[in-house]
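K.L.:
Here is how the chains run, residue by residue.
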Amino acid sequence: MKGLQTIIGFAAAIVCGVVMHTQAQSPKGKYANVALTNATIETVTKGTIQNGTVLIVDGKIAGVGTNVSIPAGTAIIDCKGKFIYPGMIDAGTNLGLNEISAVARTTDFNEIGEVIPQMKALTAVNPNASAIPVTRVSGVTTALTIPTGGMLSGTAALINLHGYTPDQMYAGFEGIVLNFPNTGRRGFFDRRTDDDIKKASEKALASLNDVWEKAIQYQKLDSATKGKTGYYPELQALVPVIRGEQTLLVETNTSKDITAALKWVKEKKVKKVILTGVAEGWRVADEIAKSGIPVITGGVLELPTRDYDRYDKAYANAGLLKKAGVKVAIKSESANNNYRNLPYHAGFAVAYGMNKEDALKAITIIPAELFGVADKLGSIEVGKSATLFICTGDPFETKTNVSHVFIDGWQMPMVSRQTELYDEFLKRDPGVKK
Amino acid sequence: MKKLLTLFFSSLTLVSVMAQVDKGNMLIKNGTVITITKGNLEQTDVLIRDGKIVQIAKNIPAPAGVRVIDATGQYVMPGIIDAHSHIALDGINEGTNPITPEVSEEDVINPFQIGIYRALGGGITTVHAMHGSANAIGGQCETIKLRYGNFDPDALKMEGAPRTIKFALGENPTRSHGEGSGIVPRTRMGVEFVIRQAFSEAKEYSEAWSKYNKNKLMKGFRGAPPAYSYRHEVLSDILNDKIIIHCHSYRADEIYMMLKVCKDFGIKRIVFQHVNEGFKVAPELAAQGAMASVFSDWWAYKFEVYYSTAYNAAILTRNGVVTSINSDDAEMMRHLYHEAGKTQKYGALTDEEALALITINPAKQLGIESRVGSLEVGKEGDVVIFKNHPLSIYGVPMFTIVDGIVRFDREKDPDDMRLVVDPKQTIDNAMLRDKDSDLDHCMEGAEFILDSELFNANKQ
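Going down the list, the sequences are from chains A and B.
Heads up: the first sequence at position 384 corresponds to 384 in our numbering, and the numbers run straight through without jumps.
Heads up: the second sequence at position 342 corresponds to 342 in our numbering, and the numbers run straight through without jumps.
Bear in mind the hints are in silico, worked out from the structure with no lab data behind them.
It is possible that some hints are incorrect.
[Unchecked claim] Pairs of lysine-lysine, DSS-like flavour, derived with a Cα cap of 25 Å:
| id | chain 1 | residue 1 | chain 2 | residue 2 |
| --- | --- | --- | --- | --- |
| 1 | B | K412 | A | K399 |
| 2 | B | K412 | A | K313 |
| 3 | A | K313 | B | K424 |
| 4 | A | K198 | B | K424 |
| 5 | A | K60 | A | K376 |
| 6 | A | K256 | B | K424 |
| 7 | B | K412 | A | K199 |
[Stated by the list, open to error] The calculated label-pair distances, taken between Cβ atoms and stated as ranges, are:
| id | chain 1 | residue 1 | chain 2 | residue 2 | range |
| --- | --- | --- | --- | --- | --- |
| 8 | A | T74 | B | E411 | 52 to 58 Å |
| 9 | B | N59 | A | G353 | 56 to 62 Å |
| 10 | A | K271 | B | K424 | 41 to 47 Å |
| 11 | B | E411 | A | G81 | 49 to 55 Å |
| 12 | A | P430 | B | K58 | 33 to 39 Å |
| 13 | B | K58 | A | T74 | 34 to 40 Å |
| 14 | A | S207 | B | E352 | 55 to 61 Å |
| 15 | A | R243 | B | T350 | 56 to 62 Å |
Ideal Cβ placement from N, Cα and C applies to all residues, glycine included.
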């Protein structure tokens, strides 16, 4: 009887799937209590469990181990020979804000203005962005989506890669983005003279100090008047950072700029800070470690920043920072929506010196901790959100396939436009008459 | 100009002239030899003499005076070939006209670029140094070997490699010329037209010369020769399959168009570059013997790559198209082995198939498969030695050897590998990647067009 039900259920699922397929951009997720059995479980925080079970009930992890009792009626996915990992977190994307980078009207990450912290990424996240399914079928389940451009570019948001409204996707963290005045060059189109770069950077720092001073004054007024100071959106947006309630994400890359940023943060007594980018972090790793400020670095697959640097410095950077005692998360960084490559960025960090365990943490529990959501995400532990994936081997290896993805207990359809094109065109019909 | 340059450089130093003929001797001991064409050989030695592979066998005794590298526990594979790159060049786009076959990258090779050494660090030994994609018919390209350390630009050229030329379809030529300069092509219709027009004129040109050459032998002939045009000489060579077309393309419709143009003009040798939607016309590509050189997974950076799939290489391979994976990028070229590995996730290619994408297949596309692209006796001594399997994420190139000479040694090389120091460059000059750039590398050097008033007016 149970077998028959399963068959009927399965057939119904197929029919539903086909119907959905023609109606929506992608098939629906499934929500059910499910036990993932016989798996090698990489908990990240509590070691590896061989031949174990992960029990998902009401979207949460209800049991982990070799001795989990499975309630009657729970669906079972046999994971024999497979591995379970917590969903990977890419701490630096513009997912949902960017459809095609060269087509301006499809990009929403770059509002006009130098000081616009009030611009909220979460507002503009398109839940149906084509890159979202492409990313999540690879096991990347959660992403920080970041506005760029200007100095204080806006408010970044942590989102889960499933949901129908930005609020459904919201994963519990927002942070203000500061592009710290920089003295590096942005690609081969940046043909400014050294002098112009220096001047621009000095001007930007003066302007930043000016804004910050205003924000501090505004915060005092705001406290004194109990929030009745009038409408100053950009200053209002900075108040939680000034009060040490919200994180400031400070993007900075060259060694000199990193040093300057550390000094600035100390001077201004900014309490919650994460450094992002940090391409030349290895050059000043001890200094960063001493400050105790954590780092989100990447992409790892980059060129060295200077001609005279060793060829593999970008690959080695994350490992060198970690070695110096810095708390390091790894992001993928991509101009072409390839956030699915996050595990390969971590893998390259390992190939060039980082401890494998640390690299895995750098894309799971560390970003979860940095964003204050480690009670829900980043590891396989009882009570946490069932946001995880099942795969055939080491997720850093390109041979490995991801077979299942769960986000908040929702089992994701393992399709994206890229898999659909494969299915349609592998054996095209009609082909060519021979 | 080219001759002048050659003269200048060859008179510069005797050392550089000697470097040009520099070929090495080497014995690589006891590695897992991945031949590509003849399977894997465990615990096997490879002997290189005078820059060529002379023996692949177990327990080859070391000849006197030959350097021995112990590759025990490591993987020995042929040097990786990138069929689409713009490194080692001082000029990429002659963006002044939609048709510029008269220019050639061989005149602007820059042997000093640090990018050459960095590519060696990723196991690359041969590179197709290409003209950019601003023009429908761009300039001629140069196949080079990464003989880093030479000061003579000519020392990098792969002597005797077939001539190749860059073509470009779609957004880049239409925005450069239609939008940028207000001349045809502004659309894909225009791109087809300017190519057909150029070929038709070249046909007339070579017919006029044939007629003249025939007539001038006749008694009493008094006609004048047709006007000489290097542009039409090059185009005629394309029509006669003396030059391989490497055609930048993305969308299936434009690929299909170019296949028809080739058919109509009797052109047999064409390799499509990027060819993101090649998977949609894979049967047509295979039927015509056209080849494809693709990205592993790049997409979504502009509209014509929006409907891409990372399964492209697998679909093309399964349909019988000779396919390679290229970089078009100074960073990505450092890990083409990793890019090839992605075809195992996206389409389950075997190790042999995946590694062919970066060795023997690009060699076929450049017409150099009898010389490089596999480890076989008689072939050139271009070898990479990997710690861990090259398709593993943990694979790290340890030695890169070109013509039997070690050009990269991970353990021994110093950090700073520049050949020269630019006195104008400040020590503090850091180059960061432009994350939000909407321009691809193929358009380097065409900025002057894209910054033009007309271009910006058209963009509104």
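K.L.:
Indicate, hint by hint, whether the structure satisfies it.
P.N.:
These are the hints, each one checked on the structure:
no., hint, verdict
1, B/K412 <-> A/K399, "violated, 31 Å"
2, B/K412 <-> A/K313, "holds, 16 Å"
3, A/K313 <-> B/K424, "holds, 24 Å"
4, A/K198 <-> B/K424, "holds, 16 Å"
5, A/K60 <-> A/K376, "holds, 9 Å"
6, A/K256 <-> B/K424, "holds, 20 Å"
7, B/K412 <-> A/K199, "violated, 40 Å"
8, A/T74 <-> B/E411: 52 to 58 Å, "holds, 54 Å"
9, B/N59 <-> A/G353: 56 to 62 Å, "violated, 35 Å"
10, A/K271 <-> B/K424: 41 to 47 Å, "holds, 43 Å"
11, B/E411 <-> A/G81: 49 to 55 Å, "violated, 37 Å"
12, A/P430 <-> B/K58: 33 to 39 Å, "violated, 51 Å"
13, B/K58 <-> A/T74: 34 to 40 Å, "violated, 57 Å"
14, A/S207 <-> B/E352: 55 to 61 Å, "holds, 58 Å"
15, A/R243 <-> B/T350: 56 to 62 Å, "holds, 59 Å"
In this structure, the earlier hints numbered 1, 7, 9, 11, 12 and 13 are contradicted, and the remaining ones agree with it.
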